[in-house]
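Peer 1: All chains, full assembly: derive it from the sequences and hints.
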Amino acid sequence: MLKSDWIPVREISDETQIWSGTIVRVFGVNNSEKEFYDYIVSFIYDNNDYLQLTCLSQGEGGNIICVLQTEPSSNYSLGRELKRMMDDGTDSVFVNFNPECVVK
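Per full-length UniProt numbering, residue 1 is the first one in the sequence shown, and the count goes up by one each step.
These are computed hints drawn from the structure, not numbers from a lab. For every residue, glycine included, the Cβ atom is placed at its ideal position computed from N, Cα and C. There's no promise every hint is true.
Derived Cβ-Cβ restraints for the label pairs, each shown as a range [as the list claims (entries may be wrong)]:
#, residue 1, residue 2, range
1, Ser42, Arg84, 15 to 25 angstroms
2, Glu100, Pro8, 18 to 28 angstroms
3, Ser13, Thr90, 16 to 26 angstroms
4, Asp87, Ile40, 14 to 24 angstroms
5, Pro72, Asn30, 31 to 41 angstroms
6, Ile64, Pro99, 10 to 20 angstroms
7, Pro72, Lys34, 33 to 43 angstroms
8, Glu100, Asn63, 14 to 24 angstroms
9, Ser4, Asn47, 27 to 37 angstroms
10, Ile40, Asp88, 33 to 43 angstroms
11, Pro72, Asn31, 32 to 42 angstroms
Peer 2: Laid out in structure tokens, this is it:
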């Protein structure tokens, strides 16, 4: 189902730096355990205080699921902030720090 480059959000250290370009995959959409949406962590124009998670999946593309507060004087957020916003208590959220872009 998932390659080794996908890490459950619960296993990410609180101090892990979450940079723009990181992909977050959320399973369980449309009441199906196999369906998922992918979100990219990206910058918000003219706002250095937050990063946003923007959906990349067809049909939901462009929708923002949440924002992550950045660390003071930095361009990244921390694992604890990602977990605070995205950990729903199940094993349905995964993170990929080195995503591969494939255009179909």
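Peer 1: For every hint, state whether the structure bears it out.
Peer 2: Hint check:
Judged by the Cβ atoms, the range 15 to 25 angstroms given for Ser42 and Arg84 holds: they are separated by roughly 19 angstroms. Range check, Glu100 to Pro8: about 19 angstroms between beta-carbon atoms, so the 18 to 28 angstroms window is met. The given range of 16 to 26 angstroms is respected by Ser13 and Thr90, whose C-beta atoms sit roughly 20 angstroms from each other. Look at Asp87 against Ile40: about 18 angstroms separates their beta carbons, and that is inside 14 to 24 angstroms.
Remark: the range hint 31 to 41 angstroms for Pro72 to Asn30 is upheld by a beta-carbon distance near 39 angstroms. Restraint check, Ile64 to Pro99: a C-beta distance of roughly 18 angstroms satisfies the suggested window 10 to 20 angstroms. One distance hint, 33 to 43 angstroms for the beta-carbon pair Pro72 and Lys34, holds here, with the actual separation near 40 angstroms. Remark: the range hint 14 to 24 angstroms for Glu100 to Asn63 is upheld by a beta-carbon distance near 23 angstroms.
Taking the beta carbon of each, Ser4 and Asn47 are about 34 angstroms apart, inside 27 to 37 angstroms as hinted. In this structure, Ile40 and Asp88 break the distance hint of 33 to 43 angstroms, their C-beta atoms being roughly 19 angstroms apart. Separated by about 40 angstroms at the C-beta atoms, Pro72 and Asn31 satisfy the suggested range of 32 to 42 angstroms.
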